[in-house]
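The listed protein sequences correspond, in order, to chains A and G.
Quick note: the first sequence, position 282, residue 282 per our numbering, numbers continuous.
Quick note: the second sequence, position 217, residue 217 per our numbering, numbers continuous.
Hints listed in this document are in silico derivations from the structure and should not be mistaken for laboratory results.
It cannot be assumed that every hint is accurate.
With the C-beta cut set under 8 Å, the calculated list includes, among others, these residues of chain G facing chain A [claimed, not checked]:
# : residue
1 : F19
2 : A81
3 : S105
4 : G131
5 : G222
Label-pair ranges, simulated between beta-carbon atoms [stated by the list, open to error]:
# : chain 1 : residue 1 : chain 2 : residue 2 : range
6 : A       : D336      : G       : L26       : 39 to 45 Å
7 : A       : D313      : G       : D149      : 31 to 37 Å
8 : A       : L263      : G       : L26       : 37 to 43 Å
Now the stretches of chain G that chain A is said to cover, found in silico as 3 or more residues with beta-carbon under 8 Å [what the hints assert, rightly or not]:
#  : segment
9  : 142-150
10 : 168-181
Fair warning: this is a prediction, and the values are worked out from it, not measured in the lab.
Yeah, the Cβ is synthetic: ideal placement off N, Cα and C, and Gly gets one too.
Here are the chains, one letter per residue:
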Amino acid sequence: MRLETKLGLFNGLSKLLLVVLGVLLIPPVVQRVAVVHTDERLQEKKQEVLNLIARDGLTTFLREEHDETYADYNILKQEYITITPLGPNNGSGATTERIFEEPRQVGKEVEDFRILSCEVPLGATKGDTATRRYRLEIGSSLGTVELLTDTLRSLALWVLVAGAALTVFTDAAFAHYSLRPLRELISRKLRGIRQPGEFSFERLHTDTTDFRRLDDSLSALMRQLQASFDKEREFMSNVSHELLTPTSILQSRFENMLQDPTLPEPHARQIVESQRTLYRLRNTVRTLLLIANIENDQYLRDASVSLRQTVADVAEELDDRRQQREISLHVDLSPDYVVPQANATLLHTLLRNLLSNALKYNHEGGQVRVLGRPRLEGGYQLRVEDDGPGIAPDNVPLLFDRFRRFHATGPKAPEGYGLGLPIAQTIAQFHKAELRAESELGKGTAFVVDFAA
Amino acid sequence: MHVLLVEDEKSLHQEVKQFLQQAQYLVDSAYTFTEASEKLYVNSYDFVLLDLGLPGGDGLELLRESRRSEKQEASFIILTARGDLDDRIKGLDLGADDYLPKPFSLLELTSRMQAITRRKFGLKRSEIVFGDGFVMDVTARTVRHGAPDSPEVPLTKKEFDLLNYLLLHKGRVLTRLQLGEHLWGNVLEDDSDSNYIDVHIKNVRKKLAQFGSADFIETVRGIGYRAV
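I would like the entire structure built from these sequences, with the hints used as guidance.
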């Protein structure tokens, strides 16, 4: 998953969590605060009422019509005060005070009230000593509190949702903007790079220190890599040139010596043997030079080459040795594939090496199959299959190793694949294709070239 | 045939010169750019065998110069260890007649020279008579025994090339490697390929024997084959 997607997801989820928490937590807290606030106000009211009674006497409040009960409501019926005389026998001496919630009927409606209730000794008139105990209740309607809580809840919800949505978008936009250099680094500089030479050393436009550093270190590493690649190639190419000249001299000298009619036969044989040795040396040097030249981009990639045509050419070239070993050839490329930006000579060499191996490591009377099919994921796949003895799984990875010849075991084991496969692989890479081997002991080997789409 | 050999590597120069002289070529030597330039200005040659990496200048410059001058009609064969495709294209564009990457076989060199000569003098029908009355038409690529209207010996392309090469170097022993290199060119193969030569020779002999005597192809034990 991309970093930006991850950041966006995390951002969205954390905002969602915040909204949920807010919606769940804010209303109870508000309610609690409101209740505490109400309680305080009730206490204040109580004190106020007691003060009024102490100043004016109870009688100003009492109305006889309701059994000596005084009650007063404000017009919106949100608060009330009742003073009820208590019987002498249920006086308890101590002033008990409680705050609770209870429904009360006020007028015709029943509403939840927060009620402060206490028993107080009060004098009937001003200056009287407290003779009788009364129950004083001050109530405040909870309707307002609930209304407030509801309002707050929906308000909190909307503010949080809107805020979250807004910040999610701005955060995503900012992440998108600030991660742009990283994106660029990956898509423009790193994607599709097969060798350091293809890396773009153009500096990344960014003021983010981390990316700046990343880009700089990558560039530095690539430069280093490139330098050592160059050195290796230069070395290979120089060494090859230096080796080719003495090889040349020796080859010519052997040829001249063989022309001498007075040369005794044992000597002639030795020279032929030396010639073979020299030939091997020469091939190795030429192979290294060829690989170095391909890797140094000394070859042009300016032709469109039909695989069907190339296979036909190679097959014709190898026809003699195929018939000598009575091997049948089955070619089925449906449809044909035209390799874009290709080098015809190199592709010919690639196919020649594969087909020649398939003939060489086949049993007499066997079959070689060249099959070409488009790949599901795009591109094209070319398979060269033989009925040979196969290659042990351990040896398969060594096939393409430039400096390693493996020796297969078993009856009629091939002497080794030599340098043909490393060349084939280098050529495949040059054409942005991948060469690999699939093999099963006793069944045969398939060399597969996957051309990229 | 007058040949100018331009090659700065002394040992190689000597070997090539010796081989060409044995093959009845008249060989002039140049070891540096200046030397070669002077000789090209003064003399006229049939062939210039040109090494590209010369002390004192680029061999290709010599080719360019000669192609500008009217009187030098030599055929140029480029010999180089650079092995670069680029050089090859440049050389052939500038009018080189052939190109041999080092190390090359001297036999291959002389047969290329013969081929160029044939081309140059427009030999429409170049025939080689061999054995007990076989005739090879190099242009039409046919081999017959006796009269021109007699049936063709049915040789494959490679078999024909093999026979042709043996006949071109009549009297010389050719090793399997030399024959193989001629047949399959500059393709990188290991020496197990030389076994194919034996099979090819066997087939050529068998096919020729149906028309006449194939005894002219001699096996030189441990070395190779020779046409006499």
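Structure-based check of each hint:
1. The beta carbon of F19 of chain G comes within 5 Å of a beta carbon in chain A, closer than 8 Å, and the hint placing it at the interface holds.
2. With its C-beta approaching chain A no nearer than about 4 Å, A81 of chain G sits inside the 8 Å limit, and its interface hint holds.
3. Taken as an interface hint, S105 of chain G checks out: its beta carbon lies about 7 Å from the nearest beta carbon of chain A, inside 8 Å.
4. The interface hint given for G131 of chain G is broken, as the beta carbon of that residue sits about 22 Å from the closest beta carbon of chain A, more than 8 Å.
5. Residue-level restraint check for G222 of chain G holds (minimum Cβ-Cβ distance to chain A is 4 Å; threshold 8 Å).
6. Our hint of 39 to 45 Å for D336 of chain A and L26 of chain G is violated, since their Cβ atoms are close to 53 Å apart.
7. Roughly 34 Å separates the CB atoms of D313 of chain A and D149 of chain G, a value that falls within the hinted 31 to 37 Å.
8. A hinted range of 37 to 43 Å for the beta carbons of L263 of chain A and L26 of chain G is inconsistent with their spacing of about 26 Å.
9. With a cut-off of 8 Å between beta carbons, the segment 142-150 of chain G has 0 residues touching chain A; three or more are needed, and the interface restraint is violated.
10. With a cut-off of 8 Å between beta carbons, the segment 168-181 of chain G has 5 residues touching chain A; three or more are needed, and the interface restraint holds.
Figure legend: structure checked against the earlier numbered hints; hints not met, in rising order: 4, 6, 8, 9.
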